[in-house]
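Next come the chains, spelled out residue by residue.
Number of protein chains: 2
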Amino acid sequence: MTQKLPNFLNGQWQTGSGTGTPLFDPVLGTELVQVDATGLDLPAGFAFAREQGGAALRALTYRQRAAMLSAAVKVLQANRDAYYDIATANSGTIKNDTAVDVDGGIFTLGTYAKLGESLGDRHFMLDGEAARLGKDPLFQSQHVLTPTRGVALFINAFNFPSWGLWEKAAPALLSGVPVIIKPATATAWLTQRMVQDVVDAGIFPVGALSVICGSSAGLMDAIETFDVVSFTGSAETAAVIRSHPSVVQKSVRVNIEADSVNSALLLPDTAAGSESFDLLAKEVAREMTVKSGQKCTAIRRIFVPEALYTAVAQAISARLAKTTVGNPRNESVRMGALVNRAQLVSVQEGLVYLKQQTEILHDGATHSLVDADAAVACCVGPTLLGTRSAQGSDDADRVHDTEVFGPVATLVPYRDLAHALTLIRRGQGSLVTSLYGSDPATLASAALELADSHGRVHVISPDVAVLHTGHGNVMPQSLHGGPGRAGGGEELGGLRALNFYHRRSAVQASTSVLSALSESTN
Amino acid sequence: MTQKLPNFLNGQWQTGSGTGTPLFDPVLGTELVQVDATGLDLPAGFAFAREQGGAALRALTYRQRAAMLSAAVKVLQANRDAYYDIATANSGTIKNDTAVDVDGGIFTLGTYAKLGESLGDRHFMLDGEAARLGKDPLFQSQHVLTPTRGVALFINAFNFPSWGLWEKAAPALLSGVPVIIKPATATAWLTQRMVQDVVDAGIFPVGALSVICGSSAGLMDAIETFDVVSFTGSAETAAVIRSHPSVVQKSVRVNIEADSVNSALLLPDTAAGSESFDLLAKEVAREMTVKSGQKCTAIRRIFVPEALYTAVAQAISARLAKTTVGNPRNESVRMGALVNRAQLVSVQEGLVYLKQQTEILHDGATHSLVDADAAVACCVGPTLLGTRSAQGSDDADRVHDTEVFGPVATLVPYRDLAHALTLIRRGQGSLVTSLYGSDPATLASAALELADSHGRVHVISPDVAVLHTGHGNVMPQSLHGGPGRAGGGEELGGLRALNFYHRRSAVQASTSVLSALSESTN
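As they're listed, the protein sequences go chains Z and S. Numbered according to our numbering, the first sequence spans residues 813 to 1334. Numbered according to our numbering, the second sequence spans residues 813 to 1334.
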């Protein structure tokens, strides 16, 4: 039997008392470790985090908490090799893909350490300037942001066990709010190991960082009024969380980041073979294959002028054809596995569903696996589908509704820009869209047209061909989240991320009281 | 039979096809008008608002929309007398209380007209500065706020048919988002009349402002992904809205402002008869009786040092004893009616419930009615209860849980400041707390301690005795809303109110694209 990973709750390492759920290597099929949260006293653990962890964190200033984030970065960097090994084994990712998760997580944590330092030795933030409440300037209103006195529960997705932890934990801990992380079971090992390293290093006050691996049963029942919940995952689970009595009856703040049908748009009047054309083909092929397409930000729909449909199909397909798929331990492999059997089946079923309304432009089934047994390994080649014509793009409703969470995207030809925008909006809100063109005014105008339905608009023009940060890469400086289908949440965006963990309040008082308040380091 | 008020939807005045629900005079018991939303095609009406009203509003700039708000202010001011007549008849309020609703609403609308002008001739807002995404400054991230392409549905409470409309509609319309207002049936007349005056004046594009009076059945079913819903009312209805499939499945943004058990705190070391002592007694008596205590911001719990319990009880009771109750048409009357029979019964039941854990310090039953028939009029005198001792304050859990929505408050003695703060927090999140004291540092410190559990902290020190804007008065400059029990919403707060109607998006692009975007007046 493999090792059962201990949970950290109530200031103690606790092993579940149940049968345990095994985690597997998606390439070799071997069992790695087990998770088990059976028998944990969740209400007591949450109360401990709230009272001990929260009070200890709030007693520190932003600068002191930022220093802790920096210290955590050092611990994680020292153990980086172990994380890469776990990721290879448990996520089946090649090194470059592991880097997106492991190094991306550490980078984000480091970014918040730097941002936090700029907040200084204070315990709350001023929000804007004081405003007069009448003609006499003696009585004014000053908004303040103070940390919520609850826990931050994170229920995370399997695709980013490291980044998903730290992009949420960094702003929470910096805000003075204790974190309880419940990673997705399939890849919980990496999250658990990172938390263990940081906890064992004694960086944060006890109760500031807890980890629960296994079933999520009972977690939402332990939530109280001033707690916050952040969830990344499916729309179905998001609906369960949103309608949970703790949320519905206690006004608990919830942030949801759900899957979405992201898009890439090659602007009209772009010639085949132009720089913008090539940049689109390159980015789409990269987005489809990074982490085997298991990114919530990955491009799923590629909008191109109808006249360029065939040329774009060929350009992307040519790149996909070069993608070697298989065992991430083989250095020639460019794309590893899907996370597990269930995801493999889900992708296969999704392909069947989409193919009924599309044609195959590049067939993933033509890729043979390198160093991997097709009967065991959860690997699939990248597949590009297409809707054939502008009319087909209107008719193929599944393309706009369905996210196949793997190396799958669909080429969607459009008649004119208005048609393209209408089709993109059929995604009903996405995390990100990317635009490809060379005229700044046209790009700016299209970006504004799509801003209300996207959390991020990534504009790739030839001048930033080598500088841009990638359609699917989430940078801590920019908002992550999107409306509607994408869940309606907001994460990151620099210091904006701290808002979720703070409460805004208007203090109306005489200027002498407001002066005392502004100068307060309480 | 009285007149059936027409609804304005789909760009037309439409009278419901059902039996109609009568509205009454709560003092005289006479029927005034009827409301009826039966047979309205809600999906078509919402689609019309979304497509016609939304597109027309978004085609205008902030400055142009601000000018429309100014024009609406003029129309409302011209019809002010009619609104006072309707309020007297339908809400049973004295003139000073009507002013809080009618003039407060017009003032808030005017404030947003001024704020909007400062936004200039633009169609979107920049959110913060651009941030570098790497060492090379050519590729950056600029956050923008663009109006959501949906409708704003307001489901409002009976106590502020005017202010409740305009404090929400002003920021929505200024943002470029069409409004559909569903007033509470009991007092829908004033809302309907104000909308009618503004619609008939042809100020806003058709579809920008709609009103539906009567049942709320079907309203939430008509909600789509990019719509927003703002609700003011009970926690029970709030839970129904939050768990509605449109919200749970479509990530629809919802703002809730629910009832809360607000507090006033006389700080320790305040002598009986001191200025702070008197300011507390005066404000509590005022808060209890304005609009017969039917304000979601009204003081429900008064925290005082145990040694001052009797003195404060006497000071407040002396003021309450002078409150003449009855027909608002009689100029000697200082407090009018509750809104209807149902509220009268609710207040009476609430009093019975609270009295089981408290003593009566001033009995509302001792007030005889002026110019009103006690068998008909929905009038009650103000009642002050008390928990007797600091121990009693701990034991009387109902006092901290129960909002009696009428002229009722409870005096709660505390041992020391820490005890007071703990007791106040038993309200589980409130709209507002007010602090009474004279030392700026102590007041600032207490304000920060309570900021995380209150949307607003109102500090009354002797220097602002005549300048402060009142515990329960909601100023457009300051946030309105509170965490937890208070619903977790955020309204007003100056331009912050516009955030709810805008979507935040990060545009990542080359500086040339971002320059074109910043200069865009699109």
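No lab work stands behind these hints, which were simulated from the structure alone. Since the model is a prediction, treat every value here as computed from it, not as a measurement. Wrong hints could be hidden among the right ones.
Stated by the list, open to error - Per the computed footprint, the stretches of chain S lying under chain Z, defined by three or more beta-carbons under 8 Å from a beta-carbon of chain Z, are:
#1 878–890
#2 923–932
#3 1110–1121
#4 1297–1306
#5 1316–1324
Glycine included, C-beta positions come from ideal geometry on N, C-alpha and C.
Enumerated hints in conflict with the structure, sorted upward: When the structure is compared with the hints, numbers 1, 2, 3 turn out to be violated.
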